[in-house]
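Sequences and hints are given; from them, build the entire structure.
There are 2 protein chains.
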Amino acid sequence: MAILQIGAGGVGWVIAHKAAQNNDVLGDITIASRTLSKCEKIIDSIKSKGNLKDTTKNLAAYTVNADDVDALLTLIDQVKPDLVINAGPPWVNMTIMEACYQAKVSYLDTSVAVDLCSEGQQVPQAYDWQWEYREKFEQAGITGILGAGFDPGVVSVFAAYAVKHLFDEIDIIDVMDVNAGDHGKKFATNFDPETNMLEIQGDSFYWEDNAWKQVPCHSRMLEFDFPLVGKHKVYSMAHDEVRSMKEFIPAKRIEFWMGFGDKYLNYFNCMKDIGLLSPEPLELHDGTVVQPLHVLKALLPDPTSLAPGYTGKTCIGTWVQGSKDGKDRSVFIYNNADHEVAYDDVEHQAISYTTGVPAITAALQFFNGNWADNGVFNMEQLDPDPFLEMMPSIGLDWHVQELEPGQPEIHTLK
Amino acid sequence: MAILQIGAGGVGWVIAHKAAQNNDVLGDITIASRTLSKCEKIIDSIKSKGNLKDTTKNLAAYTVNADDVDALLTLIDQVKPDLVINAGPPWVNMTIMEACYQAKVSYLDTSVAVDLCSEGQQVPQAYDWQWEYREKFEQAGITGILGAGFDPGVVSVFAAYAVKHLFDEIDIIDVMDVNAGDHGKKFATNFDPETNMLEIQGDSFYWEDNAWKQVPCHSRMLEFDFPLVGKHKVYSMAHDEVRSMKEFIPAKRIEFWMGFGDKYLNYFNCMKDIGLLSPEPLELHDGTVVQPLHVLKALLPDPTSLAPGYTGKTCIGTWVQGSKDGKDRSVFIYNNADHEVAYDDVEHQAISYTTGVPAITAALQFFNGNWADNGVFNMEQLDPDPFLEMMPSIGLDWHVQELEPGQPEIHTLK
Numbered sequence: 001m002a003i004l005q006i007g008a009g010g011v012g013w014v015i016a017h018k019a020a021q022n023n024d025v026l027g028d029i030t031i032a033s034r035t036l037s038k039c040e041k042i043i044d045s046i047k048s049k050g051n052l053k054d055t056t057k058n059l060a061a062y063t064v065n066a067d068d069v070d071a072l073l074t075l076i077d078q079v080k081p082d083l084v085i086n087a088g089p090p091w092v093n094m095t096i097m098e099a100c101y102q103a104k105v106s107y108l109d110t111s112v113a114v115d116l117c118s119e120g121q122q123v124p125q126a127y128d129w130q131w132e133y134r135e136k137f138e139q140a141g142i143t144g145i146l147g148a149g150f151d152p153g154v155v156s157v158f159a160a161y162a163v164k165h166l167f168d169e170i171d172i173i174d175v176m177d178v179n180a181g182d183h184g185k186k187f188a189t190n191f192d193p194e195t196n197m198l199e200i201q202g203d204s205f206y207w208e209d210n211a212w213k214q215v216p217c218h219s220r221m222l223e224f225d226f227p228l229v230g231k232h233k234v235y236s237m238a239h240d241e242v243r244s245m246k247e248f249i250p251a252k253r254i255e256f257w258m259g260f261g262d263k264y265l266n267y268f269n270c271m272k273d274i275g276l277l278s279p280e281p282l283e284l285h286d287g288t289v290v291q292p293l294h295v296l297k298a299l300l301p302d303p304t305s306l307a308p309g310y311t312g313k314t315c316i317g318t319w320v321q322g323s324k325d326g327k328d329r330s331v332f333i334y335n336n337a338d339h340e341v342a343y344d345d346v347e348h349q350a351i352s353y354t355t356g357v358p359a360i361t362a363a364l365q366f367f368n369g370n371w372a373d374n375g376v377f378n379m380e381q382l383d384p385d386p387f388l389e390m391m392p393s394i395g396l397d398w399h400v401q402e403l404e405p406g407q408p409e410i411h412t413l414k
Numbered sequence: 001m002a003i004l005q006i007g008a009g010g011v012g013w014v015i016a017h018k019a020a021q022n023n024d025v026l027g028d029i030t031i032a033s034r035t036l037s038k039c040e041k042i043i044d045s046i047k048s049k050g051n052l053k054d055t056t057k058n059l060a061a062y063t064v065n066a067d068d069v070d071a072l073l074t075l076i077d078q079v080k081p082d083l084v085i086n087a088g089p090p091w092v093n094m095t096i097m098e099a100c101y102q103a104k105v106s107y108l109d110t111s112v113a114v115d116l117c118s119e120g121q122q123v124p125q126a127y128d129w130q131w132e133y134r135e136k137f138e139q140a141g142i143t144g145i146l147g148a149g150f151d152p153g154v155v156s157v158f159a160a161y162a163v164k165h166l167f168d169e170i171d172i173i174d175v176m177d178v179n180a181g182d183h184g185k186k187f188a189t190n191f192d193p194e195t196n197m198l199e200i201q202g203d204s205f206y207w208e209d210n211a212w213k214q215v216p217c218h219s220r221m222l223e224f225d226f227p228l229v230g231k232h233k234v235y236s237m238a239h240d241e242v243r244s245m246k247e248f249i250p251a252k253r254i255e256f257w258m259g260f261g262d263k264y265l266n267y268f269n270c271m272k273d274i275g276l277l278s279p280e281p282l283e284l285h286d287g288t289v290v291q292p293l294h295v296l297k298a299l300l301p302d303p304t305s306l307a308p309g310y311t312g313k314t315c316i317g318t319w320v321q322g323s324k325d326g327k328d329r330s331v332f333i334y335n336n337a338d339h340e341v342a343y344d345d346v347e348h349q350a351i352s353y354t355t356g357v358p359a360i361t362a363a364l365q366f367f368n369g370n371w372a373d374n375g376v377f378n379m380e381q382l383d384p385d386p387f388l389e390m391m392p393s394i395g396l397d398w399h400v401q402e403l404e405p406g407q408p409e410i411h412t413l414k
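Note that the protein sequences, when read in sequence, are chains A and B. At position 94 of the first sequence (counting the first as 1) the number is 94 in the UniProt record's numbering, and the numbers step up by one without a gap. At position 388 of the second sequence (counting the first as 1) the number is 388 in the UniProt record's numbering, and the numbers step up by one without a gap.
Source of the hints: derived by calculation from the structure; they are not laboratory data. Heads up, a few of these hints could be off.
Restraint-style ranges between C-beta atoms, simulated for each label pair [unchecked claim]:
1) N65(B) - D302(A): 34 to 44 Å
2) G287(B) - D262(A): 46 to 56 Å
3) D182(B) - K41(A): 31 to 41 Å
In silico lysine to any residue, SDA-like type, Cα no more than 25 Å apart, as pairs [claimed, not checked]:
4) K186(B) - V290(A)
5) K272(B) - D182(A)
6) K185(B) - D182(A)
Glycine included, every Cβ here is placed at the ideal spot set by N, Cα and C.
Structure, rendered in structure tokens:
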């Protein structure tokens with residue numbers, strides 16, 4: 001058995017640690033990225049933490065340009081993996097899927113191939129390019145598992161669990177995500193600032209009454225009382241799983257909500273107002289041309305540098321409302337992750353941890369045959385039970401909270 | 001008669017218009033700058049507004065590199081001016097003063113030659129380099145008038161007027177500056193963003209009890225009820241005239257205060273927190289090296305573009321406290337300028353207008369012989385009466401408001 005992991009950023013860091021802790025099942029591990037030293041740094045961390053469970057198995061670093069299908073095919077031919085995991089940026093999903101299809105190797109990723117904010121790459125079109133591979137993967141006899149992080153990912157498994165066990169009919173699905181942690185910096189992003197800032201400033205899309213609704217960023221808000229971390233304001237935002245849930249779980253409204261503190265939003269709005277969040281080229285007075293967003297990226301702390309001092313918890317879950325046995329029902333299915341616990345386990349923070357743990361849980365479901373049908377699948381389509389049974393042992397537990405049924409009060413801002 | 005004006009930015013724009021309106025006294029006008037088109041644009045504006053009083057006099061544009069003494073000498077030799085006015089950035093004061101000394105031509109500028117925030121260029125050393133020329137100018141038989149804008153400039157004339165007419169003894173001089181105008185942009189600076197942002201983030205220096213006191217920017221605040229524009233928060237800030245007043249007008253405390261709205265300060269603090277106000281080189285991920293402050297400059301609106309839509313008023317003045325005839329006295333000597341009135345007169349906004357009008361009033365005092373002694377002079381040293389008598393006819397009136405004597409309540413922040 002063997003896996004090939006592409007990408008050595010924050011999520012790649014956690015995926016590699018978690019793969020190593022489960023290499024008795026997953027076999028040899030190869031970590032490949034554009035920058036070899038980033039892979040080697042992860043391997044050093046795995047070894048120094050004693051996270052390589054079966055020390056007779058290989059753990060190796062390679063260089064690869066994931067934009068190049070031929071380079072990927074050469075690497076796959078060398079490594080001969082049973083599963084390729086894209087732990088890197090979503091914009092290389094397509095080249096890796098194509099390489100997997102050509103090499104007849106199964107595939108797993110943690111977020112959708114589009115930026116969710118450019119023309120033709122927004123929520124209503126989100127998975128179109130990747131779903132084009134459904135028949136190809138089926139014919140090739142391989143499995144593709146899409147969006148196997150926490151959100152997208154586990155939140156869809158929670159929804160599938162609600163459909164299977166908790167509801168007869170579902171009216172509303174609200175995905176709720178808040179990071180109540182503190183990294184001690186005035187302003188920083190938890191993952192790549194460029195990806196983060198593009199994602200946040202895009203219009204939000206939600207599905208309601210059989211139609212897509214488009215609204216400006218941070219213009220729909222509600223307050224939610226999260227388990228352990230308390231009340232937070234959350235804002236409607238474009239996110240992968242709104243597209244896939246709409247496809248697989250009929251509901252009157254499906255929406256994604258992200259928590260933003262007032263302080264964070266103030267920085268965000270200042271930067272947006274002065275034009276610093278723009279990806280458009282800007283000419284300086286000396287003729288140098290830069291993208292403002294690249295300048296911001298260079299100014300902000302490297303997200304991976306935040307992990308050591310990070311304290312506090314996240315809470316991510318799926319709030320489902322509908323009816324069971326003729327009665328209204330409202331449940332919140334969720335996880336709390338702790339930044340310090342994550343750091344103790346894999347030397348990284350909880351944002352990456354909540355993405356990496358589900359990816360390896362899903363990989364293990366593929367290896368044990370529960371999630372190994374031929375074709376391309378989103379998480380809602382797969383049996384939630386074996387996944388949710390295993391996830392706590394990989395590092396993230398989950399709970400079901402019964403709430404008072406009733407529509408949330410949604411505030412329209414601006 | 002002839003004048004040579006160096007610089008064609010916002011202040012240069014107003015100085016040229018006001019010189020043209022008074023060219024029956026000032027004679028031929030030459031506007032020189034690194035960029036010829038900027039001079040030509042000003043000349044077009046002067047002509048289209050009908051602001052050239054004596055149309056038989058010359059109005060010409062030249063290119064010059066004001067960092068180059070020899071280039072300046074060549075231009076002076078060609079133009080043969082009676083007065084050179086530096087209407088450009090303060091960092092070329094020194095080369096222009098040197099050229100004037102060598103060519104034996106009188107000199108006038110509107111702000112001090114240092115940045116007021118770098119080591120050795122702060123308030124306690126502010127005029128050192130320029131005062132080195134006192135004897136040289138005297139021996140050469142020429143006049144140097146320093147800091148002849150509004151602040152520095154008129155506020156010192158107000159202080160000299162207070163000494164001459166209103167007080168027997170002076171305790172406190174607070175220079176107060178608020179721009180209560182609205183340019184309609186979310187964030188913009190009224191003059192060069194680079195100069196502005198460097199100046200604002202530097203430590204403040206004030207003179208108290210025979211010593212310099214140094215405090216961080218925006219850490220000392222008071223509220224003041226300005227005539228016409230109402231109550232505003234003003235913050236202690238490093239400024240030219242604190243140095244020169246300390247030299248020429250004995251007082252217990254001398255301090256400069258600038259009004260900043262909460263919204264403005266919020267933008268400023270966000271930009272400062274993320275490092276965007278730094279002049280230090282920053283390497284982007286692709287290897288490009290930029291100064292963050294230069295990126296900000298390219299992002300923000302060109303200050304000269306703000307003038308057409310600018311509404312509202314400024315209020316700048318000198319608040320003097322002390323005693324007269326054995327009784328405590330507190331007076332505010334001030335001007336209100338109006339952005340729309342300034343635009344109607346010279347097609348520019350009131351910030352540049354309040355600098356340009358005093359410069360030409362001072363130039364006229366030089367030409368009529370009231371302010372034409374040999375040597376280098378700050379505005380406090382010169383007779384305030386003829387200047388203040390003339391200034392309203394050039395475009396800015398002034399008033400004396402009696403206040404209730406009493407120390408202002410100064411808040412220490414952070």
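Hints, verified against the model:
1. N65(B) - D302(A): 34 to 44 Å: Check passed, 42 Å falls within 34 to 44 Å.
2. G287(B) - D262(A): 46 to 56 Å: 37 Å, violated
3. D182(B) - K41(A): 31 to 41 Å: Because 52 Å falls outside the window, the suggested range is violated.
4. K186(B) - V290(A): 22 Å, holds
5. K272(B) - D182(A): 20 Å, holds
6. K185(B) - D182(A): 33 Å, violated
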